[in-house]
Amino acid sequence: MYVAGVDVGSVAAKAVVLEHTGGELPRVAGRAVLPTGWNTAEAGELALQKACAEAAVEREALSRITATGYGRVALPFAHKTITEISCHARGAAHLFPRAGIVLDIGGQDSKVISLETGQGTAFRKPGAVRDFMMNDKCAAGTGRFLQVLSGILNMPLDDLSIAAAVGTPVAISSMCAVFAETEIVGLLAKSTPPQDIAAGVFRAIARRMCALAKRIPLHDECVFTGGLAVSPSFAAILSEELGMPVNVPEDPQVVGALGAALISLDAARANAHAATTSNTSTEREKP
Amino acid sequence: MRCQSFDRIVSAFEKNALAVQEAKKQGKKVVGQYCLYSPSEIAVAAGAIPVSLCGTRNDSIPAAEEMLPRALCPLIKSSFGFALNDSCPYLGAADVVVADTTCDGKKKMYELLAAYKPVFLLQLPQVQNEDSLAYWRRQFELLVAFLEKEFQVSITEEKLRDAIRLMNRERQALKAVMDLARRKPSPITGMELLEISFKTSFFPDKEKGIAMMHDLAQELGALADAGKAGAAASAPRILLTGVPTGMGSHKVVRLIEECGGSVVCLDNCSGYKKTRVMMDESGDPLTEMARRYLDVPCAVMSPNPRRYEAIKELAADFSVNAVVDLTWQGCQTYAVESWSLKKFVQESLNLPYMQIETDYSETDTEQLKVRIEAFIEML
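The listed protein sequences derive, respectively, from chains A and B.
One point on numbering: in the working numbering, the residue at position 211 of the first sequence is 603, and numbering is uninterrupted.
One point on numbering: in the working numbering, the residue at position 274 of the second sequence is 318, and numbering is uninterrupted.
Worth flagging that the hints you see were computed from the coordinates, not collected in a lab.
Be aware that one or more of the hints could be misleading.
With a cut-off of at most 27 Å between alpha-carbon atoms, the simulated BS3-like pairs for lysine-lysine come out as follows [what the hints assert, rightly or not]:
1. Lys386(B) x Lys228(B)
2. Lys250(B) x Lys69(B)
3. Lys68(B) x Lys606(A)
4. Lys250(B) x Lys203(B)
5. Lys59(B) x Lys72(B)
6. Lys250(B) x Lys193(B)
7. Lys69(B) x Lys272(B)
8. Lys517(A) x Lys606(A)
9. Lys472(A) x Lys413(B)
10. Lys517(A) x Lys228(B)
11. Lys243(B) x Lys272(B)
12. Lys517(A) x Lys413(B)
13. Lys472(A) x Lys68(B)
14. Lys59(B) x Lys252(B)
15. Lys69(B) x Lys219(B)
16. Lys59(B) x Lys250(B)
17. Lys517(A) x Lys356(B)
18. Lys272(B) x Lys72(B)
19. Lys387(B) x Lys606(A)
20. Lys517(A) x Lys386(B)
21. Lys68(B) x Lys243(B)
22. Lys413(B) x Lys606(A)
23. Lys68(B) x Lys517(A)
24. Lys68(B) x Lys228(B)
25. Lys203(B) x Lys193(B)
26. Lys442(A) x Lys472(A)
27. Lys161(B) x Lys243(B)
28. Lys295(B) x Lys413(B)
29. Lys203(B) x Lys219(B)
30. Lys250(B) x Lys219(B)
Sample of chain B residues at the chain A side, in silico, Cβ under 8 Å [to be verified]:
31. Ala189
32. Lys193
33. Glu194
34. Val414
35. Glu421
36. Met422
The calculated label-pair distances, taken between Cβ atoms and stated as ranges, are [stated by the list, open to error]:
37. Pro609(A) x Lys356(B): 19 to 25 Å
38. Leu177(B) x Ser566(A): 48 to 54 Å
39. Leu156(B) x Arg490(A): 56 to 62 Å
From a predicted model like this one, the values you see are computed outputs, not experimental measurements.
Note that the Cβ used here is the ideal one computed from N, Cα and C, for glycine as well.
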């Protein structure tokens, strides 16, 4: 059985195709990450096509597709939409069964999710979302903030990451993406080395994330997902600021899409089970 | 769900501003009020009509921001903007405004409002004890004296007692409507609860309002008995607590219901706080009035134990699955109290809790939708 999850964020569209052959653990058969661009629906469609191609399965062979991310409502092919909070939680708990906290920094928001651990409770199974916090209205301290820096320093994220690892952090006082730009231009005018600015911005984002994280009691293991988790130097700074180790998945950008695919699998298996036991047709919530 | 008596309330509301004007033409005085701490009973005993004043819409805020700080609470800005634009028919009709020093933002706004309308300001104590009660009763005495002079009437103990009886009947009528939502599933949606409690707060004829609310409770009760539901049986039942909401500031209630939740109880000053407790009809009228109003569990009270007691009781009575705490941006008392409330709801009531801080604008709708949807998925 093949299922998929598609996560269309503000910066990137991600897709994961899972193969399940009867055992307990499904296998990631294909994955894709593409820039979202201006056409949300098309980006989701292309990401799914690419993941299908990598898995060498036809679109028609997918039993079920779940959509998540800001563009989730724009994808006509999805059977169901689920928020990225539930999907990141699901994906992270799958990859790290002892995870208690999931930190996710995306293009325009950052979130901290607390997961049920241990035996769970009467209301929630282990791995279920217990509580979460999300940044308010503005994009301060998210991926967007880093995009601004990337533009001014003319360095892609990989180069920023390398620069930040060697730089001595300068203080960045403004967390507003617009005002920070002014501040950074001022620092450059004073001949501050770019790696020091990069290190300063990384630390400022990490501190802001920690402030959000500390509104929820930290417990068990911590998992860091989302676009920013691709940078090893950022993950190291975050771990230092947080005062605890953070687990970074091998492919942190697709954790939301993986969670969506796992939710697809649950539903597809439940449908298959219902079909074999009661011989009724499988439900399709949304054509 | 919508029904005949629901529509009657809606259409009476549409003609309401006109009805207030008619009453004024016949010599009735109008007392405008912003806050639940201001006693309608005293206005009623003075033979006047107490009405709520506008303050729940976003479109009056830009005008207010010409004078007030932008970071102020939207309820205060909206109220003041209506005064500046002269766009609230009830404020226009009001002979006097009775207000109280609920919070810092409100009391300073009332100082500015006094340039446009005669304002009688009650000094609200912020702790609920016997000293405060005596002080608060004295404030009511001053209001009685003020209205007697202003309207050339005599407010007797008997008139005050009659007013208490009338207002208790109004509380009971609104309570009958709100208690419909105790049923599972609820025959009335959260948006409908909000609409009814909002629209019935402007009626000049109390008796007419009471009768219409009883009709609604009866009709919806009968429809529910016949198996008709307003909210889906599977929808998680949400208790909304915190700041007041009305038509125009209903964003969060609408979003919760659009995301599949069912708001069954509005634990705020525009909702169940009005009706949860009746006023004693036998004691000294001003003392009983002062006691009932001082007991309103707004976050301005410090400490504020009755809010926790009320939420515990309401969570059980309305069989809720989760609590959503709404705070207007700039409302410091509710914002700070949310920390203690979160602990109480999660640890003592064992219920999921979410706080939302927002304003009247639509700028954060998409963000809020993600949070609310995720919260409902969690239930």
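For this session: May I ask which of the numbered hints given earlier this structure violates, with the numbers listed in increasing order?
Result: As far as the earlier hints go, 3, 7, 13, 15, 18, 23, 24, 31, 32 and 33 are violated by this structure, in ascending order.
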